[in-house]
Amino acid sequence: MMTPAKPATGRRAYVNAAIVAPGQGLSGIGGLLVEDGWILAAGAKVSRASAGSGTSIIDCTGLTLMPGLIDMRVFTGEPGTEYRETLATASEAAAAGGVTTMIVMPNTQPIVDDAAIVDYILRRARDTALVRVAPMAAITRGLAGEMMTEIGTLKEAGAVAITDGIKAVANANLFRRALIYARDFDMLVVQHVEESSLSSGVMNSSEIAGRLGLAGIPAMAEVIMLERDLRLVELTGARYHASQISCALSLDVMRAAKAKGLPVTCGVSVHHLTLNHNDIGAYRTFFKLSPPLRSEEDRRALVEGVTDGAIDVIVSGHDPQSADTKRLPFAEAAFGAVGLETMFSAALSLFHSTDISLARLVDAMSSAPAKILGLEQGRLEAGAPADFALADLNLNWKVEDRALRSRSKNSPFEHRTLEGRVVETVVAGKSVYTYAR
Amino acid sequence: MTAPSRTPILSAQHLLAIGDLSHAEILSLLDLAGKYVEVSRQIDKRHAMLQGRTQVNLFFEASTRTQSSFEIAGKRLGADVMNMAVSTSALSKGETVLDTAMTINAMHPDFLVVRHPSSGAVELLAQKVSCSVINAGDGQHEHPTQALLDALTIRRRKKRIEGLTVAICGDVLHSRVARSNIHLLNKLGAEVRVVAPSTLLPTGIGNFGVSIFRTMAEGLAGADVVMMLRLQLERMSGAFVPSAREYYRFFGLNAEKLRYAKPDALVMHPGPMNRGIEIDSDVADGAQSVIREQVEMGVAVRMAVLDALARNIPKGGNA
Numbered sequence: 004m005m006t007p008a009k010p011a012t013g014r015r016a017y018v019n020a021a022i023v024a025p026g027q028g029l030s031g032i033g034g035l036l037v038e039d040g041w042i043l044a045a046g047a048k049v050s051r052a053s054a055g056s057g058t059s060i061i062d063c064t065g066l067t068l069m070p071g072l073i074d075m076r077v078f079t080g081e082p083g084t085e086y087r088e089t090l091a092t093a094s095e096a097a098a099a100g101g102v103t104t105m106i107v108m109p110n111t112q113p114i115v116d117d118a119a120i121v122d123y124i125l126r127r128a129r130d131t132a133l134v135r136v137a138p139m140a141a142i143t144r145g146l147a148g149e150m151m152t153e154i155g156t157l158k159e160a161g162a163v164a165i166t167d168g169i170k171a172v173a174n175a176n177l178f179r180r181a182l183i184y185a186r187d188f189d190m191l192v193v194q195h196v197e198e199s200s201l202s203s204g205v206m207n208s209s210e211i212a213g214r215l216g217l218a219g220i221p222a223m224a225e226v227i228m229l230e231r232d233l234r235l236v237e238l239t240g241a242r243y244h245a246s247q248i249s250c251a252l253s254l255d256v257m258r259a260a261k262a263k264g265l266p267v268t269c270g271v272s273v274h275h276l277t278l279n280h281n282d283i284g285a286y287r288t289f290f291k292l293s294p295p296l297r298s299e300e301d302r303r304a305l306v307e308g309v310t311d312g313a314i315d316v317i318v319s320g321h322d323p324q325s326a327d328t329k330r331l332p333f334a335e336a337a338f339g340a341v342g343l344e345t346m347f348s349a350a351l352s353l354f355h356s357t358d359i360s361l362a363r364l365v366d367a368m369s370s371a372p373a374k375i376l377g378l379e380q381g382r383l384e385a386g387a388p389a390d391f392a393l394a395d396l397n398l399n400w401k402v403e404d405r406a407l408r409s410r411s412k413n414s415p416f417e418h419r420t421l422e423g424r425v426v427e428t429v430v431a432g433k434s435v436y437t438y439a440r
Numbered sequence: 008m009t010a011p012s013r014t015p016i017l018s019a020q021h022l023l024a025i026g027d028l029s030h031a032e033i034l035s036l037l038d039l040a041g042k043y044v045e046v047s048r049q050i051d052k053r054h055a056m057l058q059g060r061t062q063v064n065l066f067f068e069a070s071t072r073t074q075s076s077f078e079i080a081g082k083r084l085g086a087d088v089m090n091m092a093v094s095t096s097a098l099s100k101g102e103t104v105l106d107t108a109m110t111i112n113a114m115h116p117d118f119l120v121v122r123h124p125s126s127g128a129v130e131l132l133a134q135k136v137s138c139s140v141i142n143a144g145d146g147q148h149e150h151p152t153q154a155l156l157d158a159l160t161i162r163r164r165k166k167r168i169e170g171l172t173v174a175i176c177g178d179v180l181h182s183r184v185a186r187s188n189i190h191l192l193n194k195l196g197a198e199v200r201v202v203a204p205s206t207l208l209p210t211g212i213g214n215f216g217v218s219i220f221r222t223m224a225e226g227l228a229g230a231d232v233v234m235m236l237r238l239q240l241e242r243m244s245g246a247f248v249p250s251a252r253e254y255y256r257f258f259g260l261n262a263e264k265l266r267y268a269k270p271d272a273l274v275m276h277p278g279p280m281n282r283g284i285e286i287d288s289d290v291a292d293g294a295q296s297v298i299r300e301q302v303e304m305g306v307a308v309r310m311a312v313l314d315a316l317a318r319n320i321p322k323g324g325n326a
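Protein chains in written order, with the numbering used here: chain W, 4 to 440; chain F, 8 to 326.
Treat the hints as calculated values from the structure; they're not laboratory data.
Note that CB positions come from ideal geometry on N, CA and C, so glycine has one too.
Accuracy of the hints is not assured; some may be wrong.
[As the list claims (entries may be wrong)] With a straight-line cut-off of 30 Å between C-alpha atoms, the simulated DSBU-like cross-links for lysine-lysine are:
1. F:K135 <-> W:K329
2. F:K135 <-> W:K412
3. F:K42 <-> W:K401
4. F:K42 <-> F:K135
[As the list claims (entries may be wrong)] Not close to chain W: a few residues of chain F, all C-beta gaps over 12 Å, as computed:
5. G59
6. K82
7. A294
[To be verified] Here are some chain F residues the structure puts well away from chain W; computed CB gaps all over 12 Å:
8. S35
9. V44
10. T61
11. S75
12. I189
13. H190
14. S288
15. G293
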């Protein structure tokens, strides 16, 4: 993990904020005392009165103070396709969205399947990125699904987990061995759960797909791979995380596995919590995602899964695609949507609709991923890194492609007004983003 | 035709999908097409209606009959017609559908007749050009002029469409012809059936306004029209159906199976036919077949569509 900026010096107290730090059981009005990039104290006890002389006071009345968000699924184009996104431009988008740690995927050119590439990303992040960056490395060399990567060496180099990113390891025997081997290094194995032979389509298998004349991807493609994987986890005892689930059936499978006590977790993208396959309308490619957006019933089930903890984390699934790969007929267009900058605001819509509590949303985007990945961030307490964000929960803003900081503009929320946003983001005690009102 | 009536027929600038047409618009188009059938049967078939207009047939997918049908339709109305075949290999060199469309649009055509192998591609293109776009088939989505010509053929033979039972047989899953026909025949009040093995039916077909049959005996029973669909070669070798001969055995239309339908049932096929696979020659060329008439109606319908869309072009041309 690289800390990009030199820690800011000088003691500062952020006071009169509405604190939301579910991992520490903090809520209600309070403050945060920081110095040299670390948190000295957090909670109701931190106030203007309690801050000693020589402490600069930042009054946060009306704002919510939460741990910096940790986004477990971010694609950039660095190295290889920097025209889509660099670590620097992604980090600007992250900062504007309150994301203080980006977990980047190995699907770059070259692929992150070698310690040297892990090292390259960490150094580039240190030199250019505004927020913390930690890479996941590949499970198989070249993402070819044939041979394991040097999992131990990759972990030593700084990879926080292994995943083949946009595809599942299809070979069950190889995946079983990867799980066994990863367990010896206590390396988290992250899978894109999709049975590839059932996934040649371009949107959710549904009546709408039938009407549009588009090939479908059935929910079963996900469930089959998830069930297979969980059997292998049962066999091997490795730590396993399903990077995104998208349908109600997968929730049942996850709940059963957790009830058995298996070391398994899963995520969902904020897009799958807030959109459904009807949004595709007349072939709108910004809604072409992998896994595909599914039905409203599935979306509702996923929201419930976040509430009851069957789903552990919420990710942006940030996947920058240029106009060349999106302004195409639907079947030919690339999958993916940008999301770093809109993840928090989109998730807030579920708080405003009273579907998910604010504490649970913040937990799913900070403390939960920190716990799964073994990171020291994601909490507001003495001794933790001073990574946090201030948000105005009721500030309306319109998502306009030109204003988005990502180098690619493929946002499904384009032209929509969202309620609430991050107004200040702090990484290692240093402010990396301030909303210009 | 002297001083033809120029009353607007269509509300839209483009013809992209049957769903965009109202019941009244469909009937007006069919009426107009009926007149063009007579025009096409005259010795002098030429009209000056589209004189000075430019029609570009932009085909991203090979087609003989649809392209020539549009070409003849345009020429009979006096338009300057240009055919452009864009091989998909040219596209893989980097130029996108939109690049190609914008290039042609810059030459100020009045009509772009577009066929593309991807569903939705014609609609995408229509958003970016200023001329009138006619969908000549997009992927597995729609082929509206085919449905119109089928309706015209049926209406001329049966004098009505409402209340008729139409059985659409074969590869509905991959067929834009089937989708357009299902929408149009439903709008005109026909009872639509699909007859196919389940592997060749799209998800959610039950909500398309059709009844579903898995055998020709049941599906054709009492039908007024039997509409056969083409089965692509690559889909009959195990991926969707086990073999061509098994397909023929259960779903190929021969004289014996045709007897399940009404004695005066029409036999239709959008072409090109796989004789001996989805349809037998004696049926295709038999007394009940209107397959060649469909081709004739195709020209008339496309003349009507071009005429109708031309009425919507502003005096100064599309901006």
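Consistency of the hints with the structure:
1. F:K135 <-> W:K329: Given that 30 Å is the threshold and the Cα spacing comes to 14 Å, the pair holds.
2. F:K135 <-> W:K412: Given pair F:K135, W:K412 holds - Cα atoms ~19 Å apart, limit 30 Å.
3. F:K42 <-> W:K401: With Cα atoms ~53 Å apart, F:K42 and W:K401 exceed 30 Å; violated.
4. F:K42 <-> F:K135: Violated. F:K42 to F:K135 sits at ~33 Å, over the 30 Å cutoff.
5. G59: 32 Å, holds
6. K82: Nearest chain W Cβ is 29 Å from F:K82, so the label holds.
7. A294: The claim holds: F:A294 sits with its nearest Cβ about 34 Å from chain W, beyond 12 Å.
8. S35: 25 Å, holds
9. V44: Given that every Cβ of chain W is farther than 12 Å from that of F:V44, nearest at about 30 Å, it holds.
10. T61: Label holds. Min Cβ-Cβ 25 Å, cutoff 12 Å.
11. S75: Consistent with the label, F:S75 stays out of reach of chain W, its closest Cβ about 24 Å off (over 12 Å).
12. I189: 10 Å, violated
13. H190: F:H190 is in fact no farther than 12 Å from some Cβ atom of chain W, at 9 Å.
14. S288: The assertion about F:S288 holds, with a minimum of 30 Å to chain W.
15. G293: 32 Å, holds
Comparing the model with each numbered hint stated earlier shows that hints 3, 4, 12 and 13 do not hold.
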